[in-house]
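Peer 1: Each chain, written out:
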Amino acid sequence: MIGWLGQRTIDGYLYLTDLSAHVYVTLREMVSPGRQGRWAALRVTLRQMLFTGVDALPVISAIALMLGLIVITQAGTQLPKVGGEGLIGSIIVVVIIRELGPLLTAFIVIGRSGTAITTELGNMRVAQEITALELIGIRVSRYIVMPRVVAVVLSMVCLMFYFDAVAVLGGFIIARIKLTIPFHVFAQAVAQSLSLVDVLVTAAKGMLFGTAVAVICCHHGLSVRSSYTEVPQQTTTAMINSVTICLLLDILVTVTAYF
Amino acid sequence: MKFAIELTNAQVGMDGEEWHVDFTLAVKPGECVLLVGPGRSGKGLLLKLCAGLVAPEQGTVRVLDHDLVALDEEGLSALRRRMGVVLQQPGLRSNMTLYTNVCLPLVYHQGIDEEELRPRVVPVLEALGLTSLQKRFPAQLTTGEARCAALARALVMNQELLLLDEVMAGLDAEMVMRVDRVLAEYRRAHAVTILATLHNPSPMLEHADRIAFVRQGRIEAAGSYAEMLTTSDAALRVYLGGGPGSSRLAS
Numbered sequence: 001m002i003g004w005l006g007q008r009t010i011d012g013y014l015y016l017t018d019l020s021a022h023v024y025v026t027l028r029e030m031v032s033p034g035r036q037g038r039w040a041a042l043r044v045t046l047r048q049m050l051f052t053g054v055d056a057l058p059v060i061s062a063i064a065l066m067l068g069l070i071v072i073t074q075a076g077t078q079l080p081k082v083g084g085e086g087l088i089g090s091i092i093v094v095v096i097i098r099e100l101g102p103l104l105t106a107f108i109v110i111g112r113s114g115t116a117i118t119t120e121l122g123n124m125r126v127a128q129e130i131t132a133l134e135l136i137g138i139r140v141s142r143y144i145v146m147p148r149v150v151a152v153v154l155s156m157v158c159l160m161f162y163f164d165a166v167a168v169l170g171g172f173i174i175a176r177i178k179l180t181i182p183f184h185v186f187a188q189a190v191a192q193s194l195s196l197v198d199v200l201v202t203a204a205k206g207m208l209f210g211t212a213v214a215v216i217c218c219h220h221g222l223s224v225r226s227s228y229t230e231v232p233q234q235t236t237t238a239m240i241n242s243v244t245i246c247l248l249l250d251i252l253v254t255v256t257a258y259f
Numbered sequence: 001m002k003f004a005i006e007l008t009n010a011q012v013g014m015d016g017e018e019w020h021v022d023f024t025l026a027v028k029p030g031e032c033v034l035l036v037g038p039g040r041s042g043k044g045l046l047l048k049l050c051a052g053l054v055a056p057e058q059g060t061v062r063v064l065d066h067d068l069v070a071l072d073e074e075g076l077s078a079l080r081r082r083m084g085v086v087l088q089q090p091g092l093r094s095n096m097t098l099y100t101n102v103c104l105p106l107v108y109h110q111g112i113d114e115e116e117l118r119p120r121v122v123p124v125l126e127a128l129g130l131t132s133l134q135k136r137f138p139a140q141l142t143t144g145e146a147r148c149a150a151l152a153r154a155l156v157m158n159q160e161l162l163l164l165d166e167v168m169a170g171l172d173a174e175m176v177m178r179v180d181r182v183l184a185e186y187r188r189a190h191a192v193t194i195l196a197t198l199h200n201p202s203p204m205l206e207h208a209d210r211i212a213f214v215r216q217g218r219i220e221a222a223g224s225y226a227e228m229l230t231t232s233d234a235a236l237r238v239y240l241g242g243g244p245g246s247s248r249l250a251s
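Sequence lines, in order, name chains L and V. With this note's numbering applied, the first sequence covers 1 to 259. With this note's numbering applied, the second sequence covers 1 to 251.
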């Protein structure tokens, strides 16, 4: 039992070391001098942003609307019963903007883009595309990993703010049918409860979640060795680890910012 | 630079085999050396050692005046920009057309725009008979066409060294002759060093400066084509196209 625990601890430590190495190499590639491959990397970044950010807007909008509708309907109908009408703004900020918005956005990005990244890189590895790139002097860290990390981070931050906006405003518009609160009262309540810290924390979560998801998914994709059957295994592991690490990071940020 | 490639007792384990490969080979700049021999004899591994894909467990590997073991990732990338490598699996980017695949090293390393790309890429595609296939994706190519595309990608950068692993495999007779002609012309124009593996007789044999026969991880014999043809080793003669029952493409 102790041996098993020790081995798991060592494995976990080595895994985190690998992920940290990817983050370090990505940062180094971003600031390293030399124009070589910059345009090619920029094109990969833009393509990844199109897939991770722009193409995700319909699904993000639908889920944000549904969440907004649920939370605002519950808050708007239940709070008046206990005389807590004044708390509706706080409830929305705490539940949607601080917590569920960033987490659900991260889960959507993991499900859509994280798995796609792992699958793509895994297939590239088996088809020897990665080796071929290395053999023509293209650094995988610059051409493959860095653009994906940058694109996922930028997309994640933008999608989180978009999710929050759609959930709050769209949710209110749909819930308006049932609610008696006028829009300006609702907007004022939300604005009063929303602080600069909430905005900064959302941005920080976006950057942390984005980095974690992109690095974990790239790491697992590149960990595929020689068989296509490894690809779905690595994809599943990448997805589970991404969700777990996003939750852990969420706890860390929330405790640090609000406790 | 005395040697473009210099392996000194470069030893490495061979997957699934009890024996280790142990290579000692020196290739002069501008020389064309062909490695012939049976499958799983270590020819491909020798090329991978030279490309820096496999590190020797013992011995040294020097390529273009660099000790590969001592190079960091950046140094290795810089060195690889001076060599063109074609492995048995072409490794073309599956989401790019043949043309874009061939352009990739030029676009990445030199940031060349479309106007400058065409005059550099189209002649190579024409020479290899790939012009009509340039808009196809790798999945729409035959094995031989994909291998030719990988060769085109290696040639567009005008490298100093070419490492070609079974580049003639999967090609029809016409393509074999075309690739042979392209490589011979390329060698004349750029004084490039070529180290290539073959496991079938090929017209390339007659253009090579030296032929090395590899068996069980060792170079057992080396010499010019004419010298090698005088061998009494029946196995070697099969790979040279002079053995009993073999068909000589060169003829």
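Do not take every clue at face value.
As the list claims (entries may be wrong) - Partial selection, computed: residues in chain L whose CB lies under 8 Å from chain V:
id, residue
1, Gly86
2, Gln128
3, Glu129
4, Leu135
5, Ile136
Unchecked claim - Some chain L residues near chain V, calculated using beta-carbon distances under 8 Å:
id, residue
6, Trp39
7, Lys81
8, Thr131
9, Ile138
10, Tyr143
11, Gly170
12, Ala187
13, Ala189
14, Ala191
15, Thr244
16, Ala257
In case anyone wonders, no lab produced these hints; they're calculated from the structure. Glycine included, each C-beta is placed from N, C-alpha and C at the ideal position.
Peer 1: A separate judgement is required for each hint: does it hold in the structure or not?
Peer 2: We went through each hint and held it up to the structure:
Residue-level restraint check for glycine 86/L is violated (minimum Cβ-Cβ distance to chain V is 54 Å; threshold 8 Å). A hinted interface residue such as glutamine 128/L counts as satisfied when its beta carbon comes closer than 8 Å to some beta carbon of chain V; here the least separation is about 4 Å, so the hint holds. At a threshold of 8 Å, the smallest CB-CB gap from glutamate 129/L to chain V is about 5 Å, leaving the interface hint in force. For leucine 135/L, the suggested interface contact is upheld, since its CB lies about 4 Å from the closest CB of chain V, less than 8 Å.
Satisfaction of the interface hint for isoleucine 136/L is found here, the shortest Cβ-Cβ separation to chain V being roughly 5 Å, below the 8 Å cut-off. Because the closest C-beta pair between tryptophan 39/L and chain V is about 6 Å apart, less than 8 Å, the hint holds. The closest approach between the C-beta of lysine 81/L and any C-beta of chain V is roughly 56 Å, which is over the 8 Å cut-off, so the hint fails. Look at threonine 131/L: its Cβ gets to within about 6 Å of chain V, closer than 8 Å, so that hint holds up.
The beta carbon of isoleucine 138/L is positioned within 8 Å of a beta carbon in chain V (closest approach about 6 Å), and the interface hint is therefore held. A hinted interface residue such as tyrosine 143/L counts as satisfied when its beta carbon comes closer than 8 Å to some beta carbon of chain V; here the least separation is about 7 Å, so the hint holds. Using the Cβ-Cβ criterion of 8 Å, the hint placing glycine 170/L at the interface with chain V is not satisfied: the shortest such distance is roughly 35 Å. Nearest Cβ of chain V to the Cβ of alanine 187/L: about 45 Å, over the 8 Å cut. The hint is violated.
Hint on alanine 189/L is violated. Least Cβ distance to chain V is approximately 48 Å, over the 8 Å limit. Given hint, alanine 191/L at the interface with chain V, is violated; its Cβ is 45 Å from that chain's nearest Cβ, farther than 8 Å. At a threshold of 8 Å, the smallest CB-CB gap from threonine 244/L to chain V is about 30 Å, leaving the interface hint violated. A distance limit of 8 Å between C-beta atoms decides the matter here; for alanine 257/L the minimum to chain V is near 38 Å, and the interface restraint is violated.
When each numbered hint is compared with the structure, violations occur for hints 1, 7, 11, 12, 13, 14, 15 and 16.
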